[in-house]
Amino acid sequence: MKTIYMDHVATNPLHPEVLDAMMPYFREIFGNPQSIYEPGIRAKEAVENARASTAALINAKPKEIIFTSSGAEANNFALKGIAYASRNKGTHIIVSKIEHHSVLNPARFLEKSGFAVTYVPVDKYGTVDPDDVKKAITKETILISVIHASPEIGTIQPVDEIGRIAAEKGIVFHVDAVASAGNIPVDVRSLNVDLLTFAAHQFYGPKGAGALYVKEGTRIVPLIYGGIQEGGRRAGTENVPAIVGMGKAAEIAKRDMQKRIEHVTPLRDRIIDSALKIDKVTLTGHPERRLPGHASFVVEYIEGEAMLLLLAGKGIYSASGSACSSKALKASPVLISIGIPAHLAQGSVVFTLGEGTTGEDIDYFNETFPQVIGRLREISPYAKGWEGAEDPTCTVKK
Amino acid sequence: MSPAEIQQSQNNQLKFLDKPLQADATTDIIYMMCPMHLLTIEEQVREIKAGQVLSILTDYDGALDDIPAWCRKTGNEFLGIYEDTDHYKFYIRKKAPDNKQNV
Chain P
4 MKTIYMDHVA
14 TNPLHPEVLD
24 AMMPYFREIF
34 GNPQSIYEPG
44 IRAKEAVENA
54 RASTAALINA
64 KPKEIIFTSS
74 GAEANNFALK
84 GIAYASRNKG
94 THIIVSKIEH
104 HSVLNPARFL
114 EKSGFAVTYV
124 PVDKYGTVDP
134 DDVKKAITKE
144 TILISVIHAS
154 PEIGTIQPVD
164 EIGRIAAEKG
174 IVFHVDAVAS
184 AGNIPVDVRS
194 LNVDLLTFAA
204 HQFYGPKGAG
214 ALYVKEGTRI
224 VPLIYGGIQE
234 GGRRAGTENV
244 PAIVGMGKAA
254 EIAKRDMQKR
264 IEHVTPLRDR
274 IIDSALKIDK
284 VTLTGHPERR
294 LPGHASFVVE
304 YIEGEAMLLL
314 LAGKGIYSAS
324 GSACSSKALK
334 ASPVLISIGI
344 PAHLAQGSVV
354 FTLGEGTTGE
364 DIDYFNETFP
374 QVIGRLREIS
384 PYAKGWEGAE
394 DPTCTVKK
Chain F
20 MSPAEIQQSQ
30 NNQLKFLDKP
40 LQADATTDII
50 YMMCPMHLLT
60 IEEQVREIKA
70 GQVLSILTDY
80 DGALDDIPAW
90 CRKTGNEFLG
100 IYEDTDHYKF
110 YIRKKAPDNK
120 QNV
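Read top to bottom, the protein sequences are chains P and F.
With the numbering used here applied, the first sequence covers 4 to 401.
With the numbering used here applied, the second sequence covers 20 to 122.
No lab work stands behind these hints: they were computed from the structure.
Glycine is no exception: its CB is placed at the ideal position from the N, C-alpha and C atoms.
The reader is advised that the hints may include incorrect statements.
What the hints assert, rightly or not - Listed next, with one range per pair, are the computed distances between beta-carbon atoms:
no.: 1; chain 1: F; residue 1: A115; chain 2: P; residue 2: K138; range: 56 to 62 Å
no.: 2; chain 1: F; residue 1: Q41; chain 2: P; residue 2: D135; range: 41 to 47 Å
no.: 3; chain 1: F; residue 1: T45; chain 2: P; residue 2: N62; range: 21 to 27 Å
no.: 4; chain 1: F; residue 1: A88; chain 2: P; residue 2: D126; range: 58 to 64 Å
no.: 5; chain 1: P; residue 1: A13; chain 2: F; residue 2: T45; range: 20 to 26 Å
no.: 6; chain 1: P; residue 1: K210; chain 2: F; residue 2: P54; range: 27 to 33 Å
What the hints assert, rightly or not - The list that follows gives simulated cross-link-like pairs (lysine-lysine, BS3-like), each with its CA atoms no further than 25 Å apart:
no.: 7; chain 1: F; residue 1: K38; chain 2: P; residue 2: K66
no.: 8; chain 1: P; residue 1: K66; chain 2: F; residue 2: K108
no.: 9; chain 1: F; residue 1: K38; chain 2: P; residue 2: K92
no.: 10; chain 1: P; residue 1: K138; chain 2: P; residue 2: K100
Starting from the given sequences, assemble the full structure and let the hints guide the process.
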């Protein structure tokens, strides 16, 4: 059976050039970059070259890049590191309601540690209004953190405007760009960003490689203390092959970005046009300001997980949204925050495309998706309406 | 020990200043722990010219012993420490290149 991978926001395959670049660092050049003899020096050079190309992807300076093990680590580092570095200035933090859990949960942790957090709302498309951020600012505000693009609904936030507000007020601004960096242009200078999180596997690099951009001159408390790696800001022997892979993937992403965007955007639009012809199917997220390869929907009367299973049975691999909705069977806080009722939020599906997606894949998908919906609606107890539907609200209201 | 060396040795003892000094270059390593203060000084001193003053901002208490000791060892002049609200400012004057030890 032909299989079609439509979950590029979950992760991506390694680009062949990335794997080639990484291989020597598993084999011959295995030295510790902190060692002062030849294999160590070569490993150190590779890490520094990767730092330069990783920085170039977001228009940063190499010394502004701290390699981490993941986007989640970088988000934790940003929130905790800035909160603790700035607590003598104030104890108030602003985040949006549609942040990833690796921002929301550190924010909740910080609330338990004496900080106050404002969770700014979003509109029906999941867009943060920069005015709401402005209104939430107090004399105590030390940090604003907003996601660049939602992996769940694809909406791209006006981070440039929020960055301008933060800069005017002298407040540190962090952007979680895991879903966006490497897929759409991200320029830390024009966005007025002080910290930015990104992860290699979102742009055909390896898993286990992420980075936090920290603008020169920004004080941050390390998350991991230990040795002198990453300028003493992130200890632990460097994952040299993964870092090399991130550098190579960043270089390719910069080179191929426009081509990739032009490839996936019309394919995505074909999915959206076709799916919206099906009765009671709604697009989630912004119709225009969304990730180029991202199509997300709620389908009434049926359950997202059931759709995924039936689609997987037809060789189509996709996602139902956040881990919250997928694993814990709770309504996704992102969908709740854009005003989708909890019972509808259960019918969420997300299709994300990549450079390997073809026009034939989309033909097959557009033919299969309505069949799957039809089959599930035949057996759904709610197919004739929502009477008697439970309303399982998410425990995560913030 | 020549009179100049005796003078320099006395200069390199721990001493606190009443007010911050003018520096030609500043490096902020607040929240960084050992041995970043020593590695950073080595790097930064290399960047400035002989006779210029480097200021190091740190909240690492171990620096109180280590930075004057590093100056004694390397022949650079330790000018003193200013205790700010939540960190120390250390001041070092880079030695002339003809001193006996390299930096």
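Checked hints:
no. : hint                        : result
1   : F:A115 / P:K138: 56 to 62 Å : holds (58 Å)
2   : F:Q41 / P:D135: 41 to 47 Å  : holds (44 Å)
3   : F:T45 / P:N62: 21 to 27 Å   : holds (25 Å)
4   : F:A88 / P:D126: 58 to 64 Å  : holds (60 Å)
5   : P:A13 / F:T45: 20 to 26 Å   : violated (45 Å)
6   : P:K210 / F:P54: 27 to 33 Å  : holds (32 Å)
7   : F:K38 / P:K66               : violated (31 Å)
8   : P:K66 / F:K108              : holds (23 Å)
9   : F:K38 / P:K92               : holds (22 Å)
10  : P:K138 / P:K100             : holds (15 Å)
Taken one by one, the earlier hints fail for this structure at numbers 5 and 7, listed in ascending order.
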